[in-house]
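K.L.:
Listed here are the chains, written in short residue letters.
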Amino acid sequence: MFIMRFTERPYVAYTEEDVRGSFRSSVRLTFSNSHFNPELGADLYNEYLDEYEFSEEAGFDGLMLNEHHNTPTCMGAAMNLEAAILARITKKPKIVLLGNPLPIFDNPLRLAEELAEIDMISRGRLVSGFVRGTGIESWATNTNPVHNRERFEEAHDLVIKTWTTPGPFRWEGKHYHFRVVNPFARPLQKPHPPIWIPGVGSPETLEWSARHHYPYIYLETDPQVTVQMTELYGKAAAETGYEPGPQNFGYLWRIHVQDTDEKASEVGQGFLIGNAGIGRVPMPGDFMAPAGYNSREGSKRILEQYKHSLRPDALYGGVDSAGWDAVVQSNRVVVGSPKTVIKKIRQGLEILRPGILGMWTNDGTIAHKDTMRCLQLMKEEVLPAVHEMGKELGLPGPFEQAP
Amino acid sequence: MAASAFESKSVTVGGARIQYFMAGKGAPLVWLHGVEGNLGWLPLHDELARNFTVYVPTHPGFAGSDRPPWLESFLDLSRFYPWILQELGITRATLAGHFIGGWLAAEMAVMSPQLAERLLLVDAAGVRPREGEITDIFLLGGEGARRLSFFDVNQVADYQRLFGSKPTPEEREAHVINREAATRYCWKPYMHDPSLPPLLERLRGLPSLLVWGREDRIVPVEAGELYRRAIAGARLEIIDRCGHFPHLEQPAEFMRIASAFLAR
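First to last, the sequence lines map onto chains A and B. Position 63 of the first sequence, counted from 1, bears residue number 63 in the working numbering, the numbering being contiguous throughout. Position 174 of the second sequence, counted from 1, bears residue number 1174 in the working numbering, the numbering being contiguous throughout.
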């Protein structure tokens, strides 16, 4: 089992009133950056890097980063910069980028170059995830959402070819045109850094990932829906001619541990701020999914998938609106003492059987000192136990068995 | 006014089935719809059909018409449309249109001046205002854009039927398709073509009428003024107590102005 640690690196120094005062009351996209204080930002970026640095010592196999734009819910707007720093200041863990939003790059060659540098500086520890980005990413970069999937696939093909085919060569695609593709520095890992695809279960992306043998990382999805999505991936894999195993799947899970159940429950409620932001003010649906972002067929399939989940708006984190008790009850957040947490993780792993476990250890208003205590307890008790569990339950990660 | 007899037809162009409505007699007039898609045969079209053979096509990619897979941009649309007219047997027509339809008419005219008998642009997109802005209807969302579109919805006889808040599943599906098509063609640069203003000079002398609602909160009147200045001889008529849809919100005044122009 491959265990990685994640936080969205939130910024929480604003109020619900501030959010309600933004254009269409949205915490993302239009929430004014006049609410951002760079002095505080400087502290936060450094604290978040400290946490990731300590995560190596804590025994995590991977340090997972993500990227979002125009939002206080995730300060990783230029994730590759954070990755480059971690590449240098850590020695062992994989640097797992989940992921670079391909469609918003007008120049995917620059991305290929950045990732190659990270791979070399880290001496081959990069895991290069790719995403379509939420609709917010399309808005923030003025990338036409109707071309999102086409650009995702074409940029992917171009990056992979750039990494694997000696240049110079020429690329005349639909969305990308380069006459001299020849970035001099190429990645250290051969044929290229592993590609993982995170998401919330868009059927077309699941099938695409399966066809490419790319592990799919479920981002905190409804467990029941996750099992169905795994079947969908399995079907596409079978059509491609292989049978996927745990090494093809990851599950990102909010898991926070403290010395006692009471303390963990008290601190863990900070998760509720999470990716919905202070006040959990519902975001306009067309910000997250503008016209054309999903194909019409894809939209129908997603709605069908989610019809039985805890909340109909679960796709966009709406699940947390059900309240803390319901969220904990349904295991969408795992909080407790090491003993409690270990027990619950086992239950989840038995059902979902992922070879990759993303531990989303803190978010929202969870304070740095509480996060550090959480990571310490992870080091002492949780990680050794979960690694054992992975062996016992037969859950190989993608570095133990090829996906 | 009851809709008179009109035909609902289609023509295949470059492999794409294009829907259109037509009626009337006389020289051809092509009415090009805005981002809301083809609202069907309207009383406005009846009025126009008294003196013209009126064609109301549904743009490729909007609900009712196919989009050829290669057709991706507003420029593509502008180059494709003359082919649609050609297949309809139209060699020269009065080109009339609202919002992006007006923009489309202007693009076709600067590309193929011989195609245009006259231009009738209504609260048209296409030219970027210098002081104001074309409101970002995508960012506003459907509901928000609709709220800004009218000076007073009570002036729109058919408002509930055309824009009412309880769409059928089919109407909702059509709305999604239309929004997607508008996004595809008009996302960037948003609702304008930087090359259009200098090219408009080519239309000097072409009978051109620009009609604007004084209270248009989507495309400011300033854009109409810029069109007027760019096309030598063009006239700009501004209708009071009227928003982005003069032909729906002040139909009588709109027709009075349009008829006088079209009779010339």
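Hints listed in this document are in silico derivations from the structure and should not be mistaken for laboratory results. Don't take each hint at face value.
[As the list claims (entries may be wrong)] With a Cα cut of at most 30 Å, we get these calculated DSSO-like pairs of lysine-lysine: (1) A:Lys-300 with A:Lys-343; (2) A:Lys-391 with A:Lys-379; (3) A:Lys-300 with B:Lys-1166; (4) B:Lys-1166 with A:Lys-161; (5) B:Lys-1166 with A:Lys-174; (6) A:Lys-339 with A:Lys-300; (7) A:Lys-300 with A:Lys-235; (8) A:Lys-300 with B:Lys-1188.
[What the hints assert, rightly or not] Partial pick of chain A residues on the chain B-facing surface, computed with a CB cut under 7 Å: (9) Ala-140; (10) Thr-141; (11) Asn-142; (12) Ala-291.
Beta carbons: idealized from backbone N, C-alpha and C, even for Gly.
K.L.:
Compare the structure with each hint and give your call.
P.N.:
Here is what the structure says about each hint:
About 37 Å separates the Cα atoms of A:Lys-300 and A:Lys-343, which puts this hinted pair outside 30 Å; it is violated. Proposed proximity of A:Lys-391 and A:Lys-379 is supported: the alpha carbons are some 18 Å apart, at most 30 Å. Straight-line distance between C-alpha atoms of A:Lys-300 and B:Lys-1166 comes to about 20 Å, which keeps the hinted pair within the 30 Å bound. For a cut-off of 30 Å, the pair hint linking B:Lys-1166 to A:Lys-161 is broken: about 50 Å separates their Cα positions.
With a C-alpha separation of about 39 Å, the suggested pair B:Lys-1166 and A:Lys-174 falls outside the 30 Å cut-off, and the hint is violated. For the hint linking A:Lys-339 to A:Lys-300, the alpha-carbon distance of about 41 Å lies beyond 30 Å, and the restraint is violated. This hinted pair checks out: A:Lys-300 and A:Lys-235 have alpha carbons roughly 19 Å apart, not beyond 30 Å. Distance restraint check for A:Lys-300 and B:Lys-1188: the Cα-Cα separation of roughly 27 Å lies within the 30 Å cut-off, and the hinted pair is therefore satisfied.
Contact between A:Ala-140 and chain B, as hinted, is not supported at the beta carbon level, the nearest pair being about 12 Å apart and thus beyond 7 Å. Here the hint on A:Thr-141 is broken, as its CB sits about 10 Å from the closest CB of chain B, past 7 Å. Contact between A:Asn-142 and chain B, as hinted, is supported at the beta carbon level, the nearest pair being about 6 Å apart and thus within 7 Å. At about 4 Å, the closest approach between the beta carbon of A:Ala-291 and any beta carbon in chain B falls short of 7 Å, and the interface hint on this residue holds.
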